[in-house]
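Asker: This is what each chain is made of:
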Amino acid sequence: MASEIVRNLRKDIHVEARSRTALNLTLSFSVTVTLAISLASAGARMSPGTLSILLWIVLFFSAMNGLSHIFVREEERRTETFLRLYSSYEAIYLSKLLFNVAFMCIIETAILPLFIFFLQIDVIHSAHFIAAAAAGGLAISSAATILAAMVARAGGRGSLFTVISFPVMMPVIWVAINATTISLDPKAHPSWNPCFFLLAFSGFIVAMSFLLFRFVWLDE
Amino acid sequence: MKWFDRITHSIHILMPLAIIMAFLWAPPADILGESSRILYFHVPLAWVAVFAFAVSGVLSILYLSSKNETKRDTFDAYAHHSAVLGLLFTLMAVITGSIWARISWGSFWNWDPRETSIVIVLLIYLAYLSLRAVIPEPNRKGRIGAAYLIIAMSVVPFFVFLVPRIYESLHPDTIINAERTVHLAPQMRATLIVSVCAFTALYGRLLFLQGRVSSLAQRIEEIYDE
Chain A
263 MASEIVRNLR
273 KDIHVEARSR
283 TALNLTLSFS
293 VTVTLAISLA
303 SAGARMSPGT
313 LSILLWIVLF
323 FSAMNGLSHI
333 FVREEERRTE
343 TFLRLYSSYE
353 AIYLSKLLFN
363 VAFMCIIETA
373 ILPLFIFFLQ
383 IDVIHSAHFI
393 AAAAAGGLAI
403 SSAATILAAM
413 VARAGGRGSL
423 FTVISFPVMM
433 PVIWVAINAT
443 TISLDPKAHP
453 SWNPCFFLLA
463 FSGFIVAMSF
473 LLFRFVWLDE
Chain B
9 MKWFDRITHS
19 IHILMPLAII
29 MAFLWAPPAD
39 ILGESSRILY
49 FHVPLAWVAV
59 FAFAVSGVLS
69 ILYLSSKNET
79 KRDTFDAYAH
89 HSAVLGLLFT
99 LMAVITGSIW
109 ARISWGSFWN
119 WDPRETSIVI
129 VLLIYLAYLS
139 LRAVIPEPNR
149 KGRIGAAYLI
159 IAMSVVPFFV
169 FLVPRIYESL
179 HPDTIINAER
189 TVHLAPQMRA
199 TLIVSVCAFT
209 ALYGRLLFLQ
219 GRVSSLAQRI
229 EEIYDE
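Chains A and B are the protein sequences, given in the same order.
Note that the first sequence covers residues 263 to 482 in our numbering.
Note that the second sequence covers residues 9 to 234 in our numbering.
Bear in mind the hints are in silico, worked out from the structure with no lab data behind them.
One or more of the hints may lead you astray.
[What the hints assert, rightly or not] Output of the computed footprint for chain A on chain B, the stretches with three or more beta carbons under 8 Å from beta carbons of chain A: (1) 128-135; (2) 139-152; (3) 162-170.
We put the beta carbon where it would ideally sit given N, CA and C, even for glycine.
Based on the sequences and whatever the hints tell you, model everything.
Answerer: Structure (C-alpha cells):
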C-alpha cells in the first residue's frame with residue numbers, strides 16, 4: 263500500500279504543480295486577509311486573545327479555500343472512476359490526507375511570519391506558539407480530508423464545505439485559540455495539554471475517517 | 009415494532025403526570041422561586057436532544073454495517089428522523105434556556121460555555137440537513153449522511169460534556185457533577201425524573217410516527233410507480 267500512497271501523492275503534487283490553482287488561490291486569500299486586518303487595525307496594539315482569534319479565523323478560512331480541492335478536482339475532471347479502479351480506497355484516503363497536511367503546512371509557513379510581521383506580535387513562548395499552530399493545522403487538515411470527500415461526492419457545491427466543516431472543527435479552533443493566546447501572553451504559564459488534545463483529536467478523526475472513507479468514496 | 013409502539017404510548021400517562029408534578033407538586037427553588045419550574049422542561053429537552061443525536065449515530069452505524077436492503081432503508085430513515093427530532097428538541101431547549109437566562113441572569117443570551125456549545129451542536133445538525141439536501145441519489149444520500157452523523161456523534165460529547173466542565177459557566181452545577189450527588193430536594197428530583205421519562209417517551213412516540221409516515225409515503229410512491 264505504501265507504494266500506492268506514494269504514487270497517488272506524486273500524482274496529486276504533479277497536478278497541483280501544473281495548475282497551482284488551489285495553492286495560488288489559498289495563499290492570495292490568506293495574504294489579502296492578513297493585510298486587510300493590518301490595514302484596518304492601523305498599527306493598533308491588540309490583546310493576545312484578539313490576535314489569536316484573528317489568526318485562527320484567517321487560517322480556518324484559508325484552509326476552507328484550499329483543502330476541498332483535492333477531492334472536488336477529481337469529481338470536476340471526472341477522474342474519480344479511474345482513481346477508484348486504479349487504487350485502493352485506503353491508499354486514496356491516506357495520500358489525500360498527506361497532501362492536505364502538507365498543504366496546510368505551506369499555508370501556515372506563509373501566514374505565520376506575515377501575521378507576526380504586519381500585526382507586530384511579540385511571541386513570548388515561541389515553542390508553544392509553533393506547537394499550537396502545527397497541532398491545530400494538523401487537526402484541521404485531518405478533519406477537512408473526510409469532509410472534503412463528502413462534499414465532492416455531494417456535487418462539490420461551493421459554500422457547503424465551510425458549512426459542514428465549521429461546526430465539526432469548532433473544538434479544534436476553540437482549543438487552538440486558547441493555546442495561541444497563552445503563548446502570546448507574558449503573564450500566562452503555558453502548558454502542552456492543548457497541543458496533546460489537538461494531536462489526540464487528529465488521531466481520533468483520522469481513525470474514524472479511515473473506517474468511514476469506504477462508505478463515502480465507493481458506490482456499493 | 010409493536011413493542012416500541014406500546015412503550016411509547018406511556019406518553020399519555022407520563023406527560024400529564026410530569027406537568028402536574030412540575031406545576032403543583034414540586035416546591036419552588038430557594039433563590040429562583042417559581043421560575044425554577046422551567047427546570048422540569050429545559051433539562052429533559054436537553055437530555056432528549058443528546059439522546060436523539062446518539063440514537064441517530066448508532067442507527068447510522070447499523071445502516072452502514074447492515075447487508076439487508078430493507079433493514080438498511082429503515083435504519084437510514086430512522087437515523088434521519090432521530091437527527092431531525094434532536095434538532096427540534098435542541099431548539100426547544102435553547103428557547104426554554106433563554107427564557108430562564110432572562111429571568112436569572114437578566115438577558116436572553118450570555119455566551120456562556122453551555123450556550124455556545126448548544127449553538128454549535130445545532131449548527132452541526134443543520135449542516136447535516138444541508139448536506140443531505142444537496143445529494144439527489146438516495147443510496148449516496150444515505151451513506152454520506154450516515155458517515156457525517158457518525159462523525160457528528162463523536163464530536164458532540166466534546167461540547168455537551170467537556171466544554172461546560174473545563175470553562176467557567178454561569179449554569180448551575182450539573183446533575184452529574186464531580187461530587188456525584190444530586191443537589192435537588194427529593195420532590196424536585198422525583199419530578200425531574202418523571203419529566204425526563206415523559207420527554208423520552210414523547211421522543212419515542214414522535215420517532216415512531218415519523219417512521220410510519222415515511223414508510224407510508226414510500227408505499228404510495230411505489231404504487232404510483234407500478
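Asker: Find the hints from earlier in the document that the structure breaks and name them by number, from lowest to highest.
Answerer: The structure conflicts with no hint, since it agrees with every one listed earlier.
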